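Each chain is listed here by its residues.
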Amino acid sequence: DQQVKQNSPSLSVQEGRISILNCDYTNSMFDYFLWYKKYPAEGPTFLISISSIKDKNEDGRFTVFLNKSAKHLSLHIVPSQPGDSAVYFCAASARNQGGKLIFGQGTELSVKP
Amino acid sequence: DGGITQSPKYLFRKEGQNVTLSCEQNLNHDAMYWYRQDPGQGLRLIYYSQIVNDFQKGDIAEGYSVSREKKESFPLTVTSAQKNPTAFYLCASSEGAGNTEAFFGQGTRLTVV
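Those protein sequence lines, which keep their order, are chains B and Y.
Residues in the first sequence are numbered from 1396 upward in steps of one, following my numbering.
Residues in the second sequence are numbered from 28 upward in steps of one, following my numbering.
Isolated chain Y (complex conformation) (with noise of 0.2 Å):
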């Protein structure tokens, strides 16, 4: 079954520790994406990537680092730095970039304690 995979769901974390989120999708695009949801917020972009091995910096990338060694894989980790971690976190990819939709995995809810 194609589709984009994200693990876990639920995702506990102590204050100033950095945790990562998988993203993995079976669906041969070459761009992903990661996006933060907070309450009345939307989905803003963290980081994108359009090729393996290439990503550039959404509108809230501080605190977070991404890596893109593998087509199918697109893992997010969120830094001690990032002042505000607790949120939605949700991945997507789509064929190309421009001009096509994106498919959604089913997102991580990340919680500092």
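Next up, chain B with everything else stripped away, as it sits in the complex (with noise of 0.2 Å):
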């Protein structure tokens, strides 16, 4: 039973464009979203966080939007540059269901020059 789906396997961007990276969750009681970076054989970085009373969150270029009512989250990255090219993971945590986090599958964002 995935909790969090991450569609799109891939996705390719030119340099200057906006990437919108989506995620998919299940779970009504996740509270607390979260985006990581992840370069191989690397642990993964966070990036950007938001609570499920908020629905947007901004950090300078990157910018997560929730939509609680289709369970959907997305992270926008304006302008894309190169250096962004990463598997980028959505994850979701319940406090109340032990605080657990559940990633996604991952999406590889290729950023062109």
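No lab work stands behind these hints, which were simulated from the structure alone.
Take these hints with a grain of salt, some might be off.
[Stated by the list, open to error] For lysine-lysine, the following BS3-like pairs were computed, each having C-alpha atoms within a straight-line distance of at most 27 Å:
#1 Lys110(Y) / Lys1400(B)
#2 Lys1400(B) / Lys1451(B)
#3 Lys41(Y) / Lys1432(B)
#4 Lys98(Y) / Lys84(Y)
Keep in mind the model is a prediction, meaning the values are calculated, not measured.
The task is to assemble the complex, starting from two chains supplied on their own in separate frames and drawing on the hints.
Pasting the structure below:
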């Protein structure tokens, strides 16, 4: 039972344009959502998070949007840079279910110069 | 320097042998996690611990065991009962369970031959 789903395994974007990475979830008890960036053979690094009481959180070039009714969140990167090329994972947790982080399958972003 | 350390980075074992992966953190975090990454499958939760001397099974705990005798340490043993042990293993820690980001180590690549 995949509670967090990233249905696009890969995404290719031109440098300077917007990258939009999507994530869907099924567990209505999730109350905290995160995005991580990962390079091969390294641990993921935290990018940005959002609580379920908000619908948007912004940090520099990164913005996360949460649509609770649709159980959908997205990460926008504007403008995209070649250094953004990596695998992006979304994750979710529910405080009243132990707070464990559940991850999606990841989306590999390629930003072309 | 505060952080989370996994050792070794690469580990080779013969089939049928148990092997223990080390994870140490000096962030004073209460919660610790073990994930496994396989190609195209994202990060799957093996075990997690919210507090010393307590831990819970994740989604794929079969063939693994853990201990949490000290706050800073959460070793993972891959037993001979694990049918497909070759994978990239990631340890993480967070301040508490839920509504907080987790910080990851650099991972251990285990190869069983």
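Hints, verified against the model:
| no. | hint | result |
| --- | --- | --- |
| 1 | Lys110(Y) / Lys1400(B) | holds (25 Å) |
| 2 | Lys1400(B) / Lys1451(B) | holds (20 Å) |
| 3 | Lys41(Y) / Lys1432(B) | violated (33 Å) |
| 4 | Lys98(Y) / Lys84(Y) | holds (18 Å) |
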